[in-house]
Amino acid sequence: MSHTRYRVMEAGEARRFPPEAMARIEKILTRYPTKQAALLPVLWVAQETWGWISKEAGEEVARVLDLPPSHVDGVLTFYTMYNLRPVGKHLLQVCTSISCHLNGAESLLERCGKRLGIGLEETTADGKFTLVEVECIAGCDRAPSMMVNDQYFEPMDAGKLDALLDRLSREA
Amino acid sequence: MSSTPVAPPPSAPPPAPPPKDTFTVSFDGKAIEVPKNLNLIDAAKLAGVDIPHFCYHPRLSVVGQCRMCLVEIEGMPKIQAACTVPLKDGLSVKTTTDKVKNARAATMEFLLINHPLDCPICDQAGECTLQDNSFGYGNQLSRFDEAKRQYPTFDRTMIGPHVVADMTRCIQCTRCIRFTHEIAGTSELTFLDRGGRTLVWTHEGQPLANDWSGCAADVCPVGALTTREFRFRSRVWYLQKTPSVCPGCNVGCNISIESRDDVVYRFLPRLNPTVNDYWLCDYGRFLSEPLNDRDVHKATVREGSAVREATVPAAVDRIAREIRSSLEGKGPGAVFFLGSAHLSNEENFLLRKIADHVGSPNRDAIVDKSRPRKVKSKTVWVEGDDAGANHQGAKDMGLSPGAGGHGLDAVIAGKASPEVILIADAAFSAIADDPEKVAALRRARFLAVAARNANALTRAADVVLPAASLAEKEGTFTNVQGRVQKFDRAFLPKPPIRAAWEHLLLLALALGFGDRSWTPHDLLRQIAAEVPDYAGIKEEELEGGRLLKKGDFAWAGRP
Amino acid sequence: MEKVLTARIGKKDSRSIDTYLADGGYTGVKRVLTSGMTPEQVIEEVKKANVRGRGGAGFSAGVKWGFLPKDTKGKPIYLFCNADESEPGTFKDRLLMENDPHQLIEGMILASYAIRCRNAYIYIRGEFYDGARILERAIGEAYAKGYLGEKILGSRFSLDITVHRGAGAYICGEETGLIESIEGKRGQPRIKPPFPAVSGAFAAPTIVNNVETLCCVKHVIDRGAEWFLKIGRNEKNAGPKLFCISGHVNRPGVYEAAMGLPLKDLIFGAEYAQGMKGGKKIKAVIPGGASAPMLTAAEIDDCPLDFDGVAAKGSMLGSAAIVVINEDACIVDVAKNLSKFFSHESCGQCTPCREGTPWLYKVLTRIEAGQGRMEDIDLLARICNQMANGMTICVFADAAIAPPLSSVTKFRAEYEHHVTQKRCLVGARAAELVTV
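Chains as they are written, first to last, in the working numbering: chain C, 2 to 173; chain D, 29 to 587; chain Z, -16 to 419.
Each hint can be trusted.
Each pair of labels, with its calculated beta carbon distance range:
id	chain 1	residue 1	chain 2	residue 2	range
1	C	Leu169	Z	Ala253	32 to 42 Å
2	D	Ser54	Z	Lys175	21 to 31 Å
3	D	Lys106	Z	Arg406	37 to 47 Å
4	C	Ala164	Z	Thr2	27 to 37 Å
Distance condition first, Cα-Cα at most 25 Å in a straight line; then the derived DSS-like pairs of lysine-lysine:
id	chain 1	residue 1	chain 2	residue 2
5	Z	Lys56	C	Lys36
6	D	Lys176	Z	Lys345
7	Z	Lys175	D	Lys73
8	Z	Lys58	C	Lys36
9	Z	Lys175	D	Lys116
10	D	Lys106	Z	Lys175
11	C	Lys36	Z	Lys168
12	D	Lys269	D	Lys566
13	Z	Lys175	D	Lys64
14	Z	Lys56	D	Lys64
15	D	Lys423	D	Lys443
16	Z	Lys30	Z	Lys219
17	D	Lys116	Z	Lys56
18	C	Lys28	Z	Lys128
19	D	Lys465	D	Lys423
20	D	Lys129	Z	Lys175
21	C	Lys161	C	Lys115
22	D	Lys122	Z	Lys175
23	Z	Lys260	C	Lys161
24	Z	Lys31	Z	Lys213
Going by beta-carbon spacing under 7 Å, a handful of chain C positions derived as facing chain D:
id	residue
25	Thr5
26	Arg6
27	Tyr7
28	Lys56
29	Pro69
30	Pro70
31	Asp74
32	Gly75
33	Thr78
34	Phe79
Don't read these hints as lab results, they were simulated from the structure.
All residues carry an ideal CB built from backbone N, CA and C; glycine is no exception.
Working from the sequences, and respecting the hints, build out all of it.
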């Protein structure tokens, strides 16, 4: 949130979509009048394939969609849900927008960081957790709301958070 | 015949007035007719009304982002960005109301809160739209008390072979991005991130390296993009601007030579919609640097095995003597005259007149081929592949072998052996540094060349004349489109250096024709009288270039 | 009021097409496609019902459809369902999509038929991963039963619907930002005109409608414009409406009621939010999402929750997201939080918004931290006034100034207290004292 999205990190190795990803992309392309229109969905495929979108992954996306890599960078850095660097197995997204804020989001966020020993945008040494602050995720009636990867956890409180982190830590 | 009154013929409907191709638009109450396809900002300019702007550029798509060109439009309650308002008949624009002034001052304040106060070390200072508009439309006091935005690692960084980026100065107008998308077609630049963190950058590993990358710095209204070559070299207000034509190839891009104290600091494109529009290729742009190189400062004459300095008149006299002696001994076929695509029409013309005078059919012009170069005019790409701006003109002036005469190829191939060879310009040709070709030319008994820089050819020559650079002379070139374009002199050559036409005039006089008072202007008049395609051409018509035969002409003023 | 939009929510298997059909779903589609009702008649009905956009702007959907050119010069017409629900305080579309996806799909089929759209898209915010999956499953069911695809129900009408996930950008809820995004670009709103109905996505005529709006279309076609117009205070503010209430209330949630529900009823009514948590007093209410100017406790009396009712109070109904703030909250902190949101979400193309939103946030941060000066209070208002009313391409900046401007105007004393006492009137960072 306070962090900038200027740098798309390098993976250090070439990225090529595996056949199953290419098959998905082919299917996606049939739904749009232009290749460029498939950019957001194809970036999602990239993120699901590699967990984050490296410079090389962006180049691969540019290649399959016939786009300038700079255009892919521009889009990639505009939307906050594309990970520009590797993230932990569990991406903890704590909402701090108004309704969650009024219901203790900050203390939830703080508790999260303290328990995991990490700051915002940081990943635990074991690679399990990354903690980020996000803007309103439409969970306002169940504030404070948070997401772990694609799943909502709401409303949260200290006990529920502890239990959630314990459970996720125990998972392989 | 009956006297029945004849019904008047049915009156033909009055001819429909031709559809108007203009709109009537009023600016601050003053109505003006403007072409329909103009942007409101350019229409205002026609009315003499300046609408300040940053992101609008006549050749780039309209994005309406900078919010500087705000005006009031009658009938619209909200303030409008002028660049986004479609022209229509009866549009009434107000640019001086308090609402407009306040809105512009607001935009200026927003632009300045994060802009560094580094004008004293910024190359853009003096030609910075932000400075100008701040002076014209801003408030004097800053109410911003926070830390200014920084872009660590995105300041003072080369983003290509020529362009240096400093994002702390960027005002996010996207002109450069649009240039790479819409004109260069290379799309190296993009916005990254968003909101107050937005910056312009390249994809790592794909630098801003297209053939026109310097134009990205040209379109930048601030000092966020500057060229490595010009950085920290001169304050722009010291630079004198001289209209000229790029010597790089036969596209003949219109340029401004920017010089100070007889040193050329840079070339900038000079607007000509029919040739290079607002653009200039990097190759041509950075020929400004070699323009200052010179190691031939004086005339030299070989006497026996020694090479001595001589005055230019003495050196020219020597050439004249050698020509006369060959003519007497072997006849006119013994002399060979070589012009070039780097010489002006006037110079090539005078050289041809000398050849005519002595009766030699052996004449030619050096034209090297270059890699193809192109630039986008307002409508189409203009392409050239000659090294040198004036291949067409050299041909038009008659620098090709006459009946029974020989050209350069024949001389180099040894099929012709002239006694005396005069090379009016030894610049920029691969021949000058090709030992075999120089040896072939050297087979002549006497070899004279004019040059700016020493090379194998000058070292082989019997007489070397110090020749002026493009910046030091005036004349015309004829480009690949057949457009005759005038270039002015930025500064006088340092004596005894002279322009080729002066050398040639001295030679003509020594050979018994010509008039000491001739200037390139007189020579152009002679061209207009003698060269059929150039018939009637007038110097005062040459601003913007004159297309031979077709007479297409356009001049749109400063961007 | 009888539940309409949420009638099936809470029922078993409400997402499945079988229960949807059993509840009379898709009868509107069947009727329209087999009765020979023309697209123009559908548009006319929706126009007559004056279904005002439920996404925030409140513009009549039927009128919007009417802007489509008669002759598209061979270009297709696109329908985009705006499911980018991102306005802080808003969570109604999530509920509709996750629980009754076929209601939306039916609304989209009818709307597409009306505007002659062959390819429709649901632009759903990236965080609604479940919502997207649920919609995709439902769309699959609809294809299987012949409600989508080629020659629907044997008619000449064909339609494909594609779910398109966003990726984290509030501005893509602005309709031209959404169009840019779906074209595979940064979601930077476009200059208008041209309006999307004339030249939108892929330079073709495009209609963008909110989830709830499209759901309303289904019911207008089922029950007629007359029925729709009777719900609510008057015909300009008609129909069933979802209200999102959150903040310091006992029972936050989505409540369906007739347009024009009194704000006080929503907050205190037994069938709604059931009053303030802990019996605290109201300090402020945001009546229409983060973009709506705050109302004071005194202003919530006699405030019907519809477009014109809230506008009469100098605010807006917006996405009908009501955020209730109690007396313990620090208003500077609230404004700061909302400004952080807008600063984070500004697309950055227009100077006043790109520069103004972070500036507001910085000044608010300073004041909140007790480092403000008296002149900062007026500065806030001045910055706000320099950002809005045509200063930018889209209305994001107009939204972004609502929290600071309305709070500075209405709660000035609290700001002054921060400056003079270098602390919060209600105790340091009241909101942060809430621990979970």
